[in-house]
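*Asks:* Below are the chains, spelled out letter by letter.
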Amino acid sequence: MPQHLSNLTETASQTGGPYVHIGCIPSFAGIEGVYPQDLGLSPIQPGALGQQITITGQVIDGTGWALRDALIESWQPDSAGRFAGQPGADPAVSGFCRFAADKDSGEFCLTTVKPGAVPARTGQMQAPHISLWIAARGINVGLHTRIYFEDEDNSADPLLARIEQRNRVSTLIARKTGEGAYRFDIRLQGEGETVFLDI
Amino acid sequence: MTDLGPLVPRQRDMHPVPYDPDYKTSVPRSPKWPLLSMESTPSEETGPRFGHGVIGPLDNNLMLNFATDGSPAIGERILVHGQVLDEFARPVPNTLIEIWQANAGGRYRHIKDTYLAPLDPNFGGCGRTLTDDQGRYQFLTIRPGAYPWPNRGNEWRPMHIHFSVFGHSFGQRLITQMYFEGDPLIARCPIAATIKNRSQLDRLVAPLDMPMARPLDFLAYKFDIVLRGRRQTMFENRLEGL
Ligand SMILES: [Fe+3]
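Just so you know, the protein sequences line up as chains A and B, in that order. Reminder that position 116 of the first sequence reads as 116 in the working numbering, one-by-one numbering, no gaps. Reminder that position 82 of the second sequence reads as 1082 in the working numbering, one-by-one numbering, no gaps.
No lab work stands behind these hints: they were computed from the structure. Each hint should be verified, as a subset may be incorrect.
[As the list claims (entries may be wrong)] Taking CB as the label site, the calculated pair distances span:
id	chain 1	residue 1	chain 2	residue 2	range
1	A	Ala-156	B	Gly-1182	50 to 60 Å
2	B	Glu-1039	A	Ala-80	20 to 30 Å
3	A	Ser-170	B	Pro-1121	49 to 59 Å
4	A	Gln-124	B	Ala-1117	54 to 64 Å
5	A	Trp-65	B	Glu-1039	32 to 42 Å
6	B	Val-1017	A	Glu-107	23 to 33 Å
7	A	Trp-65	B	Trp-1156	22 to 32 Å
8	B	Pro-1121	A	Ala-92	35 to 45 Å
9	B	Lys-1112	A	Gln-124	39 to 49 Å
10	B	Gly-1153	A	Thr-54	41 to 51 Å
11	B	Asn-1151	A	Glu-179	40 to 50 Å
12	A	Glu-32	B	Asn-1197	36 to 46 Å
13	A	Gly-88	B	Pro-1121	46 to 56 Å
All C-beta atoms, glycine included, are put in the ideal place defined by N, C-alpha and C.
Work out the full structure: start from the sequences and follow the hints.
*Replies:* Next up, the structure:
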């Protein structure tokens, strides 16, 4: 017998279920008075440096139906690529946001500042991107993905470069629809399925 | 900032299968193509931090945090406590835990929940807390009821509390569910059964913890949580440029 490793195994995930909003954004779910306000209402405060942008989209299932019960979290650096808590980070950028698909249309909307480039572990620079995490009924392990931007130079990004099927790269790139406006749909399954990350 | 090293890759076979026909909603909502695996970057190794300033004194007391006139929620009074560790058994201090649950009758305070069991006017069903410097946490709440749900013809969820945990890295983000020791519905639940590894499912079942129960007041259950670890080694200096 070899020596014993005292490492632990990560706790298993379970679906957030249909009422994930009660726990994460209770005011949105109609439960008022427990907390002053929901956490992560906005990733920025007034005065945040950089270009203000709005990203809209839907989370779409394998039948083409937009989820009405999805919860999304985003995490990003400031416009210079520094995360909250790092030296010199913009104090008006918390970088964290929670938003839900609209109950009627399934549309979500994220208003933030365009993030700066951040290095990868290899020292290469990663193209500007926002990290996303998606939880919903029927999703047994939360899904990680990223939003890149059509109007940035994504050619040297190490994560995008690893996607063998080059026709899938576009699933991670937000389409510009106007000045400071982008469209980013997340397809859980089927044609145009979004690239999800094990990272 | 000190480089704490990359996140340990997730052992996907220790997690539920994404696609499970017995849990019908997972069928159209599970990705069909493999995930793209890559070593973590600062985008996953950093994450939001929440200070004590956001936590109110009753936030971890679901018996009282929705009470309209100070009268506590109806149900079996319980303490739920435990410790958050990482895969190297290091405590995870000052991390946000959020929970949500049905009331004692098995009904959620949610517009979409139309179960026959009544709402409790003094129970909201959400709570949150930060772990202490040893990664420990506790909640006072009432034991949630089992409830029926639309899946197969006669489907009931075992009693459970939903947990959301942040850790210190966005890549550690985890949502899970705590079950209760001895509940016969666990073995019949297709959501619990999405976890194919038996010991991993057993670890979601909180044991009755009598020493922590307070006589004439509440019973106690213990639920420990393990988050992904980060590899710390003297050979991790690649961020400086390889
Ligand atoms: Fe539930």
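*Asks:* Hint compliance check: list the failing hint numbers for this structure, sorted ascending.
*Replies:* none
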